[in-house]
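Participant: Read off the chains here:
2 protein chains.
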Amino acid sequence: MNIIMDAMGGDNAPEAIVKGSIEALREYDVKITFSGKEEEIKKYLNIEKNLLNRIEIINAEDVITNEDKPVKAIRKKKDSSMVKGMNALKDGFGDAFVSAGNTGAILSGGLFIVGRLPGIERPCLAPLFPNGERFSLLMDAGANVDCKPLFLNQFALMGSIYMENVLKIENPKVGLINIGTEEGKGNKLVNDTFKLLKESELNFIGNIEARDILSNDADILVCDGFVGNVVLKLMEGVVSELMGRMKNEILKTTKGKIGGYLIKDSMKRLKDKLDYSEHGGAPLLGLKAPVIKAHGSSDSTAIKNAIRQSKIFLDSGVNEIIKEELDRGGNDN
Amino acid sequence: MNIIMDAMGGDNAPEAIVKGSIEALREYDVKITFSGKEEEIKKYLNIEKNLLNRIEIINAEDVITNEDKPVKAIRKKKDSSMVKGMNALKDGFGDAFVSAGNTGAILSGGLFIVGRLPGIERPCLAPLFPNGERFSLLMDAGANVDCKPLFLNQFALMGSIYMENVLKIENPKVGLINIGTEEGKGNKLVNDTFKLLKESELNFIGNIEARDILSNDADILVCDGFVGNVVLKLMEGVVSELMGRMKNEILKTTKGKIGGYLIKDSMKRLKDKLDYSEHGGAPLLGLKAPVIKAHGSSDSTAIKNAIRQSKIFLDSGVNEIIKEELDRGGNDN
Chain A
1 MNIIMDAMGG DNAPEAIVKG SIEALREYDV KITFSGKEEE IKKYLNIEKN LLNRIEIINA
61 EDVITNEDKP VKAIRKKKDS SMVKGMNALK DGFGDAFVSA GNTGAILSGG LFIVGRLPGI
121 ERPCLAPLFP NGERFSLLMD AGANVDCKPL FLNQFALMGS IYMENVLKIE NPKVGLINIG
181 TEEGKGNKLV NDTFKLLKES ELNFIGNIEA RDILSNDADI LVCDGFVGNV VLKLMEGVVS
241 ELMGRMKNEI LKTTKGKIGG YLIKDSMKRL KDKLDYSEHG GAPLLGLKAP VIKAHGSSDS
301 TAIKNAIRQS KIFLDSGVNE IIKEELDRGG NDN
Chain B
1 MNIIMDAMGG DNAPEAIVKG SIEALREYDV KITFSGKEEE IKKYLNIEKN LLNRIEIINA
61 EDVITNEDKP VKAIRKKKDS SMVKGMNALK DGFGDAFVSA GNTGAILSGG LFIVGRLPGI
121 ERPCLAPLFP NGERFSLLMD AGANVDCKPL FLNQFALMGS IYMENVLKIE NPKVGLINIG
181 TEEGKGNKLV NDTFKLLKES ELNFIGNIEA RDILSNDADI LVCDGFVGNV VLKLMEGVVS
241 ELMGRMKNEI LKTTKGKIGG YLIKDSMKRL KDKLDYSEHG GAPLLGLKAP VIKAHGSSDS
301 TAIKNAIRQS KIFLDSGVNE IIKEELDRGG NDN
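From first to last, the protein sequence lines stand for chains A and B.
Residues 1 to 333 (the working numbering) are what the first sequence spells out, left to right.
Residues 1 to 333 (the working numbering) are what the second sequence spells out, left to right.
Because the hints were derived from the structure by calculation, they are not lab data.
For clarity, every value in this text was computed on a predicted model and none was experimentally measured.
Please note: incorrect hints may appear among the correct ones.
What the hints assert, rightly or not - No farther apart than 30 Å at their CA atoms in a straight line, the calculated lysine-lysine pairs in the DSS-like style are these:
(1) B:Lys148 / A:Lys198
(2) A:Lys185 / B:Lys77
(3) A:Lys188 / B:Lys72
(4) A:Lys273 / B:Lys257
(5) B:Lys198 / A:Lys148
(6) A:Lys185 / B:Lys72
(7) B:Lys247 / A:Lys268
(8) A:Lys288 / A:Lys268
(9) A:Lys233 / B:Lys72
(10) B:Lys185 / A:Lys90
Chain A with its partners taken away, still in its complex shape:
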């Protein structure tokens, strides 16, 4: 199993990417192919020969930054670590691709270079979203801002297969993000999707109201990419603002200051629990080969975890099962 790493993507690249990959080499039975500036990558490769033997480098002199326009960058920056890495994935040189780089570019590259699984209308970005004491797969978190009911139905199918086979959740529950719980609530897209999901063989548990997004039973939360991105970012913003303001309120009084000191550890625990960026990478589901988006601020541990996730993705045969299900047409009519 050969995982292709975008060595230049992310806030801590290439150091965290290379170091995390080496940690993964020590722990898992994988090979690593780095795509990126060979010279810079080699700086961090003073390691044992037996590990070095499991590493390849595709030299790529250019880098796609967060300031680049996604589609344009994928088309024009042919010598970038991302484009070269994705081309290698497409050509079968490796089995999965991991990047902590420009999210939009990863999505565009996934679509235009790696390509969709036959029968899949749109690939979908699916991070694990902290939901109560567990996690739900939020689909779509931003890959498709304008959706049709069939797209959302396919997201639910892919998400169910992923949760069942990668996270080993039996008969995973699908919820539809909506502005009310009863059938008939919401906009046209959500209404029509409700009907498709109800008729499907998936374990559809109905609408999930936005106020219950942190406290519901769904393993998969389905919505279009605009709403999903709003949910993800709002959640991030509210948690961080709330923690900040809490601090301000607490520091206003001496009593509060002492109290704040005493609850510091509890707060840190809570913040970590709600931080979705801590929980590995987000797979881009529906592509011919696994593409995993690691968080931009990934450290070496997060990178190692993303590689672990790619390995489980590949081992579990998610893509093969998706193909079988689509051929069977079980969910698709």
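Chain B: place on chain A using the hints.
Facilitator: Frame of chain A; chain B shown alone:
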């Protein structure tokens, strides 16, 4: 000035509605017309004669509950306090209508009974949303789940006039809720709306990312009613979940328990600040006469505040200014 009150709408009706209205009669130069069960309303009317002289009652034997389907309830429950109250508003018997009842029914009644201002495509529910240390008008918070760019452009116009004349904010800033800050980000609706807003005479400050919804400069946050409702409810859910979990985390250790006790007041202050339900009613903008939706759990003080808000709405002549602006066509092309 005669404010028509839905005496039977809300969790604490009719008591809180009648008592809040009496408080308003003592403080403001208004008349009150109650729509509802006369017998029940009269239970709370053991008051001075000079106040009684400023009260009328429209007897209505039926009530629209939160379980009723909005459109159906407005059509069928002709003898409900809400339908009778709105009809009285339409017929010019009063100047504004306040209800803490079924939100969907208020929206339907506003549209079908009271009617739109000429030139306005869709009325819009516009609560004050806690935004940093200030408030923004969130429009639309759920009245229109499927929108066109022109609707959103009109929301922005109405919101600007409301904030300028009711909340006395000079040259109010309009922000567009989006999944990125640059022009060109987001779905088709938001993209096309961006162009309209940029060309308008409004003080458009661009896209506001969901993560910055609690910390931005906009006085008006524009989005479709589906996204707006998700934002409002998610915010409510996250704040309440977070406070709950914080409590759980804190109670896990003795140190935390003492700390928690010491910060209790600070937490209460913060929670109140973020509770949008505390901040009066939400106007339904774009109707021929003001309709104000008070929070379902309103107590008598909240009801008094909603009446105060109706009074300012009427005094400020918002509707007249909206009509003038539309006639002028300044924002509408």
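Participant: Does each hint hold? Answer for all of them.
Facilitator: Results of checking the hints against the structure:
no., hint, verdict
1, B:Lys148 / A:Lys198, "holds, 28 Å"
2, A:Lys185 / B:Lys77, "holds, 21 Å"
3, A:Lys188 / B:Lys72, "holds, 19 Å"
4, A:Lys273 / B:Lys257, "holds, 20 Å"
5, B:Lys198 / A:Lys148, "holds, 28 Å"
6, A:Lys185 / B:Lys72, "holds, 14 Å"
7, B:Lys247 / A:Lys268, "holds, 13 Å"
8, A:Lys288 / A:Lys268, "violated, 39 Å"
9, A:Lys233 / B:Lys72, "violated, 37 Å"
10, B:Lys185 / A:Lys90, "holds, 28 Å"
Hints 8, 9 from the list above are not met by this structure, while the remaining hints are.
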